[in-house]
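*Asks:* Could you slot chain B onto chain A? The hints should help.
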Amino acid sequence: MSTFMETLVHGNERAFKPESLTPMQKLTLKYVVFGLIYYGFAAIEGMLLRLNQVQPIESIFYPKRYFAMLTAHPLVGIFGSSYLLVFGAFTFLVPYLLKKPLWSFKVANWTLWLIVVGVFTFWFDGFLTHYAPLYTLYWPLPADFHQFEPVAGAIFIVGVALVMVGTLLFVLNVFKTLTYTPAGWGQQPAGRILGDALGLTTLRNVLTGRMRHSSETDHLVGLPVAAIARGTVDVFLNALIITFSGVLILVYMIGEISGHSLKTTAVDALLYKNWYWWGLDLVADGLVLVFVAGTWYLLASLITGTDVFMAKWARFALGLELVVSWTVWSHHLLSDQAQPAMLKVGSGEMVTAFELITQGLAFFITLVTLYKARPLAMTNELKFLLGGLLGFALAVPAGIMQADAGLNRILHNTQWIVGPHVHVAVLVGLTMTLYSAVYVLLPILTNGAKLYSQRLANIHFWCHLVGGIGMGAFMGMAGLQGMLRRTIYYNGEYRPYMILAALSGALLLIAFACFLVNIVMTLGLTGAVGLFHKSDRPVEELLPGQVPEPVA
Amino acid sequence: MTKVDSHTVLWGQTIMYTAYCLAIISVMAWFAVRITKPRSSREITPRVFYVWVGFLVILGVSLHLFTYNTIPWVKDDLHGSKNFVAAYDISVGDHKFAWGEGNPQLQVPCGKLVKFSVTSTDLTYGFGLFRSDNSMVMQMQVVPGHANDLVWTFEKDGVYSIRSTEYSGPLGYQMVEKDAVKVTGCGQVDTRALGATR
Chain A
725 MSTFMETLVH GNERAFKPES LTPMQKLTLK YVVFGLIYYG FAAIEGMLLR
775 LNQVQPIESI FYPKRYFAML TAHPLVGIFG SSYLLVFGAF TFLVPYLLKK
825 PLWSFKVANW TLWLIVVGVF TFWFDGFLTH YAPLYTLYWP LPADFHQFEP
875 VAGAIFIVGV ALVMVGTLLF VLNVFKTLTY TPAGWGQQPA GRILGDALGL
925 TTLRNVLTGR MRHSSETDHL VGLPVAAIAR GTVDVFLNAL IITFSGVLIL
975 VYMIGEISGH SLKTTAVDAL LYKNWYWWGL DLVADGLVLV FVAGTWYLLA
1025 SLITGTDVFM AKWARFALGL ELVVSWTVWS HHLLSDQAQP AMLKVGSGEM
1075 VTAFELITQG LAFFITLVTL YKARPLAMTN ELKFLLGGLL GFALAVPAGI
1125 MQADAGLNRI LHNTQWIVGP HVHVAVLVGL TMTLYSAVYV LLPILTNGAK
1175 LYSQRLANIH FWCHLVGGIG MGAFMGMAGL QGMLRRTIYY NGEYRPYMIL
1225 AALSGALLLI AFACFLVNIV MTLGLTGAVG LFHKSDRPVE ELLPGQVPEP
1275 VA
Chain B
3 MTKVDSHTVL WGQTIMYTAY CLAIISVMAW FAVRITKPRS SREITPRVFY
53 VWVGFLVILG VSLHLFTYNT IPWVKDDLHG SKNFVAAYDI SVGDHKFAWG
103 EGNPQLQVPC GKLVKFSVTS TDLTYGFGLF RSDNSMVMQM QVVPGHANDL
153 VWTFEKDGVY SIRSTEYSGP LGYQMVEKDA VKVTGCGQVD TRALGATR
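Going line by line, the protein sequences match chains A and B. If you number the first sequence the way this note's numbering does, the last residue is 1276 and the count never jumps. If you number the second sequence the way this note's numbering does, the last residue is 200 and the count never jumps.
Please note: incorrect hints may appear among the correct ones.
Where chain A lies over chain B, by a calculated footprint (3+ residues, C-beta under 8 Å) [claimed, not checked]:
| no. | segment |
| --- | --- |
| 1 | 51-63 |
| 2 | 155-161 |
| 3 | 167-173 |
If you anchor each label on the Cβ, the simulated ranges turn out as follows [to be verified]:
| no. | chain 1 | residue 1 | chain 2 | residue 2 | range |
| --- | --- | --- | --- | --- | --- |
| 4 | A | Phe851 | B | Val50 | 46 to 54 Å |
| 5 | B | Gly113 | A | His984 | 53 to 61 Å |
| 6 | B | Trp13 | A | His984 | 34 to 42 Å |
| 7 | B | Thr193 | A | Asn1215 | 14 to 22 Å |
| 8 | B | Lys98 | A | Leu927 | 51 to 59 Å |
| 9 | B | Trp13 | A | Val875 | 46 to 54 Å |
| 10 | B | Ile26 | A | Glu1217 | 27 to 35 Å |
| 11 | A | Gln779 | B | Leu173 | 50 to 58 Å |
| 12 | A | Gly1029 | B | Ile27 | 49 to 57 Å |
Hint data in this document are derived by calculation from the structure and do not stem from the laboratory. Yeah, the Cβ is synthetic: ideal placement off N, Cα and C, and Gly gets one too.
Chain A extracted, bound-state conformation (with noise of 0.2 Å):
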C-alpha cells in the first residue's frame, strides 16, 4: 500500500487509535463530525446561492428552489454547524474544566442525534418542498398557505422542534452538570455554585463595594465555565421563544390541513415580530457572545499557560453582556414605524453600543493575556484565535452602525448587514474561534492523534481569512450601493462585486476543503468510522485512566 493510501487508511503515522477513546472523547468527536458535515452543507449551498447572484440560472434555481436553499442556508449554518460544534466542546468542556462527570451521558447522546435529524428534517422538507419563509418568519409569511403547503410548512416546524428539544436537553446537562452532587461526593452547594456561575457573586461585589478586592479566587466556578452557564442562559430562553412561535405557527398548519382555517389578523404582525426578534436575537447578540468570549479567555488561558488579564472584570463583562443580550433587540426594528421611537433610541440604538463596550473588552483582555505572555509560538490554535479576534472587531463595528436610526434608513435588509456584519461575524469571527478551540481539543481528545500537514493547516487560514474578509467586503460594497438581500437580480446589477464576492467564496471553499483532508488523513477512514464503535470504557471517564476524583 502507498504511503499516501496508509495514511489515508489508518491515519497519520497511526498515531490514532479509536479503541482507546473513552465515550465521552467519541461523542464530542461524533459532535464535531457532523458539525463539520453541516458547515460543508451550508458552504456548498451558500456557494450555489453566491453563483446565482453572478448569473442567475433560472432554469435549476428558481426562485422557489432559490428561496427555499435561502431559508435552509443559515438555519444548517448556526443549528446544524455552530451550534452541533458549540454543544460538542462545551458538553466535553463543562466536566473536563469543573474536574466532575456529566450529568447524564445518555441525554448529551439525545442531544446529538436529536439536533442532526432536526437539521436534516427541515433542510430534506425544504429541498423537497420549497417552504421558504425565511429564518426571519415575518408573521403571517410562514401561515400563507396561498404561497406555501401546511403539511410541508408542518414538517419543516416539527424539524426545527426537534433541534429545540435537542437544545433545551443540552440546556438541563448544563446545569445539572454544574449543580448535582455526583455519587459518592460530598453534598455540593448547587444554589452557590449556580449563583457564582450566573455573576451573583460579582453583582454582589459590585454592590457592597467590593469589587475592588475581590479575585478569581473567591469563585467556585472558573471564568469559561461562568461564560458557558451565563450564554446557555441564552440558549434557554431562546429555545423556549422559537418554540412557542413554531407552536403557534403549527397551530394554523393543523387548522389549515383539518379544513378549519384561522385567520392570521388574529395575531398582531409588530407584536410578533417584537417577541421573535426578542427570542432570535439571544443567538446573534447573546449566547453567540458571551460563548465567545468565554471560549477566547479559556483559549488565551490555555496557549499562555496563565490567566486571564483583569478577569473579574471579564466577569462582569459577561454578566454585562447577558443583561444586555435581553434588551437589544429593538434594533431589528429601527424600520419599522410603528415601533415606540423609544423602544428604537432605547433597545435599538443606546442599549445596542453595548455590545461594542461588551465585546471591546472581551478582545482587549483576550490580546493582553497573550502580549504580557510573549514570547508565543505562532501554533495553529493562536493564528485562528487572532483571526477570530479580528472577526469580531470588523464585524461588531459595522453592526453597531446599522444600529444606528440614520444609518438604519438607507442600510436595512442591504447586503451590508449580511456581508460586513452577518458573514464575518459567523465565518470569521465564529467559525476561526471554533477552529482555534478544535486545534486545542484535538490532541485531547484523540489521544495525541499528529496532525497529517502543517501547510495544509496555513492554506486552511490564509484562504479561510482572506475568504471570509473578502466575502463580506464585496457583499458590503454591494449594500453600499443598494443591493438588497433576499431577492434576485437578473439583470446583473451588482455583477463586478457578487463575481469577487463568489471568488472569495471559493476560498473558503478550498480551505474547508484543505481542513477535511487534513482532518480524514490525520484520523484515517479506520479511525473516523472507529468513532461510531462503542467504547467499552466507563462513561464516567473523561479521558483515559481519568475519572474525576470525589470532593467532601
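*Replies:* For chain B alone, coordinates are given in the frame of chain A:
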C-alpha cells in the same frame, strides 16, 4: 453647495469604515508579529484597561449623537414630524403596490417635507425608493395591521423607482414599480436618478 442625501452619507460611511478596517487589520498584523518576540520591560497596567473602557463608552454613545446631528432625516424621522406638505397613500397586497388608477407617477415637491403612508393588506413587505443606478434613497418596513408612515425631504430633483425591500415569499423579488416617483422643484438634479422607462 451639494445637499446631504443618502449618497453623501453612504460615502462618508464607506470612507470611515474602510479606514477603520485597514487600521484594525494593520494593528492585528503588527500584534501577531509582536507577540512572537521577547518581552520588553514595559508592562500593561490596569490603568490602560480603564482608559480603554472610557474610550469604548465615548465611542459607542458619540456615534448616535453624531448621526443625530448630521444626518438630515433623523430628527423628522424619530420625532414623527407632522409638518409635511403632501402625503401619498400607497397600498400593498398580493405582492403588488397600488395607488390609484394605473399607478400614475407620483409628483413630489423637492426640498419640502412629504409623507409616504403605506399599508399592507396581507403580508409584511418593504417600501424603498431607488435611483436609476439601483442605489437606495431610503426604505421602511410595511407591517400589516399597522400604520407605516415615513416623512422625507428630497434634496435633489430626480425620478425614483419603488421596490419592496422585505422578503414576502418567492414572488416578492418582482415587486418593482419603475420610475414611480418624480421629484421636482430644487433645480439641482440627482444625476443618478434620471429615470428612463416611464
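*Asks:* If a hint holds in the structure, say so; if it does not, say that too.
*Replies:* Hint-by-hint comparison with the structure:
no., hint, result
1, 51-63, "holds (count 8)"
2, 155-161, "violated (count 0)"
3, 167-173, "holds (count 7)"
4, A:Phe851 - B:Val50: 46 to 54 Å, "holds, 53 Å"
5, B:Gly113 - A:His984: 53 to 61 Å, "holds, 55 Å"
6, B:Trp13 - A:His984: 34 to 42 Å, "violated, 55 Å"
7, B:Thr193 - A:Asn1215: 14 to 22 Å, "holds, 20 Å"
8, B:Lys98 - A:Leu927: 51 to 59 Å, "holds, 54 Å"
9, B:Trp13 - A:Val875: 46 to 54 Å, "holds, 50 Å"
10, B:Ile26 - A:Glu1217: 27 to 35 Å, "holds, 31 Å"
11, A:Gln779 - B:Leu173: 50 to 58 Å, "violated, 22 Å"
12, A:Gly1029 - B:Ile27: 49 to 57 Å, "violated, 28 Å"
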